[in-house]
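Participant: Mind docking chain R on chain B? Use the hints.
These protein sequence lines map, in sequence, to chains B and R.
Per my numbering, residue 132 is the first one in the first sequence, and the count goes up by one each step.
Per my numbering, residue 13 is the first one in the second sequence, and the count goes up by one each step.
No lab work stands behind these hints: they were computed from the structure.
Even for Gly, the Cβ is constructed at its ideal location relative to N, Cα and C.
Please note that the accuracy of each hint is not assured.
Claimed, not checked - One side only, chain R facing chain B, incomplete, derived with CB under 8 Å:
#: 1; residue: P76
#: 2; residue: C78
#: 3; residue: N162
#: 4; residue: N192
#: 5; residue: A244
Residue-level listing of the chains:
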Amino acid sequence: MAEHHLMTPLTEADVEKLKTGDVVFISGHIYTARDAAHKRLVEALDAGNPLPFDLKGALIYYVGPSPAPPGRPIGSAGPTTSYRMDTYAPRLHSLGLKGSIGKGKRNDAVKAALAEYKAVYLGATGGAGALLSQRITDAKVIAYEDLGPEAIRELTVKDFPLLVINDCHGGELYVKPNLG
Amino acid sequence: MKIVQAKDIREAVAAMCIAANRELPADVRAAFEAAHAAEETPAAKEIFRQLLENADLARDTGLPLCQDCGLAVFFVEVGEDVRVEGSTLREAINDGMITGYKDGFLRKSSCDPFTRKNTGDNSPSIIHFDIVPGDKLKITMMAKGGGSENMSRVTMLAPAQGWKGIKDFVVNRVAEAGPNPCPPTIVGVGIGGNFELAAVNSKKALMRELDDKHPDPEIAKLEDELLAAINALGIGPMGLGGKTTSLAVKILIAPCHLASLPLAVNIQCHSARHKEVIF
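Only chain B is shown next, with the shape it has when bound in the complex (with noise of 0.2 Å):
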């Protein structure tokens, strides 16, 4: 298993070399979007209308923190279920989207789309939200701030630790149940 120390905007390039159970360490910006927030680019995206930041070689983090307190930019800020953002995950990909940070499994649909336009999902350690805010710096609402925990923030992240659940060549690090 690599170690990877990688900055956004990620490039083909970079999402190449990942392979499932990589480790990575992502620093730069950083989305957040989840449920509510992936209603809106959808909706923003059928209009015609310009998204709040560029999709291109950007990374989409499925978390809705909870409130700074004061002195801190952020809360605890761990992943949330992913598979209720796979309806939404193709169509972002295919304009650029990178990859995206969550955790759990996603459905056939998203892992082609993750070989067909070159992008990765990342898992972050679910229940871990205090200990992933430390290696978050700072946070700003930048879009839909009516959603509240679900509103789209800008991350800066440094060495954010994330391991490959897929990659693009279609691996995947979960393991299947032995049901016998």
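Facilitator: Only chain R this time, still in chain B's reference frame:
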């Protein structure tokens, strides 16, 4: 007749909500430590190392263990000889929850099911009341996250399916959930009752301590059998493979209709946050 002031209930509930979200229960921490030692792969060990570090950080910084601070679920045992003064008991609990989630910088996760608009204060709390003999008021709070709740199910088996049907359903549910509910999980199983009682019991079962043996040795054996079958799945922490898919299985049974074998599986993530207070 014991009089309990609504103000005292509000304060106790607010404090419970904050403490539950910041403090990993001692039994869960002990289970993490044991699992960290027992797991053999670096990936599985690393997850437990991170979860222990996360618990230390939450305790030391006041950040919640998990950003999903859950819907606030309460089980309340109200003694017949208890009277609440100052507001209704329901209002006292819900107002205390709102204060706790605000003052503790906890995430508000309650929304309208159609518009998905956030209610803004995590209300309403989900409160289950039980009237019991005596003059005590016991309030148990659980912060229940959405990811693990989504992996939970209720089913109505045919009586002929019996224990094998129950076991197959529970194990298959955990297998199908895989990495999604943040394993290692705790699995609450409600057997019998009816459609809604099985579900409530499956959640109530999660309030027991991890090492609490079921008082009925036959049921305790079934809990062990289910846990062994679940951990044989090999899903492991966060679905990365390993021995620890679940930390415990807790069963709560109730008599049911001649025609039915109701069964509910409530999956709890490893961030098993609950507290109780007794007046």
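Participant: Now tell me, hint by hint, if it's right for this structure.
Facilitator: To see whether the hints hold, each was checked on the structure:
1. P76: OK, holds: P76 of chain R within 8 Å of chain B, min 5 Å.
2. C78: Holds, about 5 Å.
3. N162: 7 Å, holds
4. N192: The hint holds - N192 of chain R has a Cβ within 8 Å of chain B, the shortest such distance being about 4 Å.
5. A244: OK, holds: A244 of chain R within 8 Å of chain B, min 6 Å.
Hint compliance for this structure: no hint is broken.
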